[in-house]
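Sequence lines, in order, name chains V and U.
The first sequence finishes on residue 373 if you use my numbering, and the numbering steps up by one all the way, no holes.
The second sequence finishes on residue 444 if you use my numbering, and the numbering steps up by one all the way, no holes.
Hints were generated in silico from the structure; no laboratory data involved.
Glycine is no exception: its CB is placed at the ideal position from the N, C-alpha and C atoms.
Derived Cβ-Cβ restraints for the label pairs, each shown as a range: (1) U/Met411 x V/Ile282: 27 to 35 Å; (2) U/Lys410 x V/Tyr33: 19 to 27 Å; (3) V/Tyr33 x U/Ala424: 47 to 55 Å; (4) U/Asp420 x V/Asp341: 18 to 26 Å; (5) U/Ile387 x V/Asn203: 24 to 32 Å; (6) V/Ile212 x U/Ala424: 45 to 53 Å; (7) V/Phe132 x U/Glu430: 50 to 58 Å; (8) V/Lys204 x U/Gly431: 25 to 33 Å; (9) V/Phe132 x U/Met411: 33 to 41 Å; (10) U/Glu433 x V/Ile212: 23 to 31 Å.
Each chain, written out:
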Amino acid sequence: MFDALQFLTTTTGFWHLTPGMMFMWVVGLVLIYLAISKQYEPLLLLPIGFGIILANLPLAGLMAPEEGLLWKFYEYGIHWEIIPPLIFLGLGALTDFGPLLSMPSLIFLGAAAQGGVYLTFFIANTFLGFDFMESATIGIIGGADGPTTIFLASKLAPHMLGICAVAAYSYMALVPIIQPPVMKALTTDKERKIRMKKGRKVNKLEKLLFPIVATFVIILIVPASAPLISMFMVGNLFRESKVVERLTKASQEELLNIATIFLGLPVGATMNAENFLQWKVIFIFVLGLCAFILSTAVGVCIAKVMNLFRKNKINPLLGAAGVSAVPMAARVVHKVGQQADKKNYLLMYAMGPNVAGVIGTVIAAGIFLTLLQ
Amino acid sequence: MSEELLAPLAGKIIQIDVKVGDKVEEDDDAMVIEAMKMETPIYIPCDGTVAKLNVKEGDEVEEDAVLLVVE
Numbered sequence: 001m002f003d004a005l006q007f008l009t010t011t012t013g014f015w016h017l018t019p020g021m022m023f024m025w026v027v028g029l030v031l032i033y034l035a036i037s038k039q040y041e042p043l044l045l046l047p048i049g050f051g052i053i054l055a056n057l058p059l060a061g062l063m064a065p066e067e068g069l070l071w072k073f074y075e076y077g078i079h080w081e082i083i084p085p086l087i088f089l090g091l092g093a094l095t096d097f098g099p100l101l102s103m104p105s106l107i108f109l110g111a112a113a114q115g116g117v118y119l120t121f122f123i124a125n126t127f128l129g130f131d132f133m134e135s136a137t138i139g140i141i142g143g144a145d146g147p148t149t150i151f152l153a154s155k156l157a158p159h160m161l162g163i164c165a166v167a168a169y170s171y172m173a174l175v176p177i178i179q180p181p182v183m184k185a186l187t188t189d190k191e192r193k194i195r196m197k198k199g200r201k202v203n204k205l206e207k208l209l210f211p212i213v214a215t216f217v218i219i220l221i222v223p224a225s226a227p228l229i230s231m232f233m234v235g236n237l238f239r240e241s242k243v244v245e246r247l248t249k250a251s252q253e254e255l256l257n258i259a260t261i262f263l264g265l266p267v268g269a270t271m272n273a274e275n276f277l278q279w280k281v282i283f284i285f286v287l288g289l290c291a292f293i294l295s296t297a298v299g300v301c302i303a304k305v306m307n308l309f310r311k312n313k314i315n316p317l318l319g320a321a322g323v324s325a326v327p328m329a330a331r332v333v334h335k336v337g338q339q340a341d342k343k344n345y346l347l348m349y350a351m352g353p354n355v356a357g358v359i360g361t362v363i364a365a366g367i368f369l370t371l372l373q
Numbered sequence: 374m375s376e377e378l379l380a381p382l383a384g385k386i387i388q389i390d391v392k393v394g395d396k397v398e399e400d401d402d403a404m405v406i407e408a409m410k411m412e413t414p415i416y417i418p419c420d421g422t423v424a425k426l427n428v429k430e431g432d433e434v435e436e437d438a439v440l441l442v443v444e
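Please put together the full structure from these sequences, using the hints given.
Below is the structure:
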């Protein structure tokens, strides 16, 4: 009788709990708390937080290779590169390239902000002993683009995928806190007051041609960026064509929402105690923050360099919008600009570098893939 | 002399702080426009009286739409 009872207890999860697992529950619960009470990127941090808890329930086997439910989501969704491109389809359908086309020169700011990605890559590799693949994955956090970070991590450093995704989404939620001090430190009050000259009007044909031309140019130059760029541009073509309203809507709403669910849970589930409880994780978080700061700083500095050659000065704050957290970074630029001059409305100008930043980050990821794989 | 207040960005008018006939001063709050899920206050362009108000709360406006005229 006693033996039977003892056997029964060993079949429960309690018998197999480790302190590490319980620590991970706390991590998961903290993310759920931040998502609900602080509304930090709730669409992602909520499922990620729950996924972390699920992955750390002993004997449940949700991440057991070939069998576990979340393992299947991970394998066929993320490892097979299906979910991040689907997210990009939705983002493409939501993105208006108008502000970018109206001032095409601002595309440089979207590219410039990727400087932080590469600087962090070198720091992680040279000073902290991460290998090339890990360093690239950490660096891309500075691009502030969740699906791209996940996409690159799944190919280069799957063991760091969960941590890098959580770092990227957490810092994205903190963009309004991280960016302003950097932006203010690098600009003068006078520069922040610069009002932008109105951009040119963009006609329908340009908006329609943009996704097609961009697909050719970007994929021919950086073929490795194809999975994300192709879906992004087809989503945008749906939107701008105005003839497939149903497809546009499905991409923007239901499909994007479904993809988000299948992204968050397995990403969280990659974070088991063994993977997470290492000293390296602290470095990843510090480097991720450093990548965000450097991207912001490089963006602002390049904007100031551009001003040396321009008759119509641009407001250097726009450089910070090259960090692709859309549209948070653009909102931050707008707010900091209004603090300096309450009649300065930078929002729409900032959307240009902001969407360029998304493309810039994908290209940066494509270059890493080409060079490192 | 009159001056028009143009919408600095496209969005939805969610709050109007003045009505026709109000005496206003430059930089007074005029209305609040919501664009990209962010509320942006916009301000009266010059001293005078609100002569015309072209929008009401809830309206969607395009960039450069004339929101009100101050005389």
